[in-house]
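Please arrange chain B on chain A, whose structure you already have, making use of the hints.
Protein chains: 2
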Amino acid sequence: MKKNKVVVPISGGMDSTVILYKAVEQFGAENVFGLSYDYGQRHKRELELAKYHIEKLKIKEWSTIDVTFIKKLAPTSSLTNDNIDTPDIRQIAGEAQPKSYVPNRNMIFLSIAASYAEAVGANTVYHGATKVDSLAGYWDASPEFLPTINSVLALNREIRINIEAPLIEMDKADIVKEGIRLRVPFSKTYTCYSGEDLSDANSPSSALRIKGFAKAGYIDPLKYRQDLVDVWKKYNCRLIEYDTYNN
Amino acid sequence: MKKNKVVVPISGGMDSTVILYKAVEQFGAENVFGLSYDYGQRHKRELELAKYHIEKLKIKEWSTIDVTFIKKLAPTSSLTNDNIDTPDIRQIAGEAQPKSYVPNRNMIFLSIAASYAEAVGANTVYHGATKVDSLAGYWDASPEFLPTINSVLALNREIRINIEAPLIEMDKADIVKEGIRLRVPFSKTYTCYSGEDLSDANSPSSALRIKGFAKAGYIDPLKYRQDLVDVWKKYNCRLIEYDTYNN
Numbered sequence: 001m002k003k004n005k006v007v008v009p010i011s012g013g014m015d016s017t018v019i020l021y022k023a024v025e026q027f028g029a030e031n032v033f034g035l036s037y038d039y040g041q042r043h044k045r046e047l048e049l050a051k052y053h054i055e056k057l058k059i060k061e062w063s064t065i066d067v068t069f070i071k072k073l074a075p076t077s078s079l080t081n082d083n084i085d086t087p088d089i090r091q092i093a094g095e096a097q098p099k100s101y102v103p104n105r106n107m108i109f110l111s112i113a114a115s116y117a118e119a120v121g122a123n124t125v126y127h128g129a130t131k132v133d134s135l136a137g138y139w140d141a142s143p144e145f146l147p148t149i150n151s152v153l154a155l156n157r158e159i160r161i162n163i164e165a166p167l168i169e170m171d172k173a174d175i176v177k178e179g180i181r182l183r184v185p186f187s188k189t190y191t192c193y194s195g196e197d198l199s200d201a202n203s204p205s206s207a208l209r210i211k212g213f214a215k216a217g218y219i220d221p222l223k224y225r226q227d228l229v230d231v232w233k234k235y236n237c238r239l240i241e242y243d244t245y246n247n
Numbered sequence: 001m002k003k004n005k006v007v008v009p010i011s012g013g014m015d016s017t018v019i020l021y022k023a024v025e026q027f028g029a030e031n032v033f034g035l036s037y038d039y040g041q042r043h044k045r046e047l048e049l050a051k052y053h054i055e056k057l058k059i060k061e062w063s064t065i066d067v068t069f070i071k072k073l074a075p076t077s078s079l080t081n082d083n084i085d086t087p088d089i090r091q092i093a094g095e096a097q098p099k100s101y102v103p104n105r106n107m108i109f110l111s112i113a114a115s116y117a118e119a120v121g122a123n124t125v126y127h128g129a130t131k132v133d134s135l136a137g138y139w140d141a142s143p144e145f146l147p148t149i150n151s152v153l154a155l156n157r158e159i160r161i162n163i164e165a166p167l168i169e170m171d172k173a174d175i176v177k178e179g180i181r182l183r184v185p186f187s188k189t190y191t192c193y194s195g196e197d198l199s200d201a202n203s204p205s206s207a208l209r210i211k212g213f214a215k216a217g218y219i220d221p222l223k224y225r226q227d228l229v230d231v232w233k234k235y236n237c238r239l240i241e242y243d244t245y246n247n
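For the record, the sequence lines run as chains A and B.
Numbering-wise (this note's numbering), the first sequence opens with residue 1 and increments by one.
Numbering-wise (this note's numbering), the second sequence opens with residue 1 and increments by one.
Bear in mind the hints are in silico, worked out from the structure with no lab data behind them.
Predicted model only: the values in this text are computed from it and were never measured.
Where hints are given, some of them may not hold.
The list treats identical chains as one, so a pair stands whether inside a single copy or across any two.
What the hints assert, rightly or not - Here are the simulated DSBU-like cross-link-like pairs (lysine-lysine), alpha carbons at most 30 Å apart as the crow flies:
(1) 58 x 72
(2) 56 x 72
(3) 72 x 233
(4) 234 x 5
(5) 131 x 22
(6) 60 x 233
(7) 44 x 71
(8) 44 x 177
Chain A with its partners taken away, still in its complex shape:
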């Protein structure tokens, strides 16, 4: 088990939840500091899921940071663009990008996480970037991004903080498998941006998730609006038993 403390940003999504369980395995629950970003009312469901895992894992420290301000920084915001009805180009392209695209968001969030790490004396921050993110071509998910951010933090002579992305080599199927190994209750993770009780299998982020589960050979325990029996049959998927029975 690694010594020292780790800050883990958690969103309620499957990637950050898998990282949280991994962090507990590596550092021990008493050395994990959860950090959630509150974007406003629309994301309360994600915060509730984060709370579920924090309590289940007996993590003592969990801070929620109000980042409602980032809505103002979106190019589609009324502050920065008169035509607020213009949809973001990435939405048109059908990519798995949240509605409120904000430039430089990764740097903003990692700066806040590094600040929190210094405040609590943690040397490590876990970042949720995955293989899919690095393939999407965004500059702040490129292979050079984290090392360059870390070269800024390396200037800090008081405390050495390093940001690591434990899922950076993994695609969705790898993440599902890693989550199953760690006994992550995937029914308590949320992927769809629709905000509805039943997830929409056709949303880009849900489609990516379903494909990941199918490729890994497991039935996603999340409830979808659509009947996905044919998908699970086609890929010969198994039930995630501990998840089905325990939640």
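Same frame as chain A, but now just chain B:
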């Protein structure tokens, strides 16, 4: 006059105000985007002063970002430290450091400023660091800090954003002189952290300001609780006429 647009963070303090007037001289008011950080009620006075200059200079765009969250990131916050009465070591040392010291604050604020710059299509962000800051020994005011932050932003393939510190070679006296050249109404800038109507000449930040004015040979038009006539006499200081008569 420089082409393109510039983002200028403004606090109501003298350094950022001088930068604002300099930016208008260099880029033209229509290309300056003001950005203020709202820390909560205690700083409303600073926001009112920022508004005064924005209107005086006829700057069209000014955004205020609610960063109340940073209080939570202070090591003296109840979230990160059980003993919230512990004063920050830099306060004990009498340094000009705000009460709510937050680790990594420069990186957080510059990340937000760079985000805003990308949203409005500005290639330059002006940062308020001065010679005094770089001498104080903080890692995030060291000569390596801005170039390293800029090496992160240089990874952005969509837009080239560069952060510059136009006052980095200047001490307080130089900044006073530059402000006089630019006809900055210094009576409408605020330095003291006390939050009172009359500034306290004995607070570390006010002492630095008063010394800067005296060294430059000018009477600070700000109203102080203490009688500073002897200081101005000793240094043979002149009135700042346009400020005294116009405000």
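Have a look at residue 131 and residue 22 and pick one of within, between, both or neither, based on CA distance no larger than 30 Å. within (17 Å within a copy, 45 Å between copies)
At most 30 Å between alpha carbons: which applies to residue 56 and residue 72, within, between, both or neither? Close across copies (24 Å), not inside one copy (34 Å); limit 30 Å.
My question is about residue 44 and residue 177: at a cut-off of 30 Å on alpha-carbon distance, are they close within one copy, between copies, both, or neither? Answer is within; shortest intra-copy Cα gap is 27 Å, inter-copy 51 Å.
Homomeric proximity label, residue 60 with residue 233: Cα distance no greater than 30 Å: Result: close neither inside a copy nor across copies, 41 Å intra and 60 Å inter.
Within, between, both or neither: how does the pair residue 44, residue 71 come out at a Cα-Cα threshold of 30 Å? both (16 Å within a copy, 22 Å between copies)
How do residue 234 and residue 5 come out at 30 Å by Cα distance, when the copy is not named: within, between, both, or neither? neither (43 Å within a copy, 55 Å between copies)
Copy assignment of residue 72 with residue 233, given that the CA separation must stay at most 30 Å: The answer is neither: 45 Å in one copy and 49 Å across copies each exceed 30 Å.
Go through the copies and call it for residue 58 and residue 72: within, between, both or neither, with a Cα cutoff of 30 Å. Intra 35 Å, inter 22 Å, cutoff 30 Å: inter-copy only.
Comparing the model with each numbered hint stated earlier shows that hints 3, 4 and 6 do not hold.
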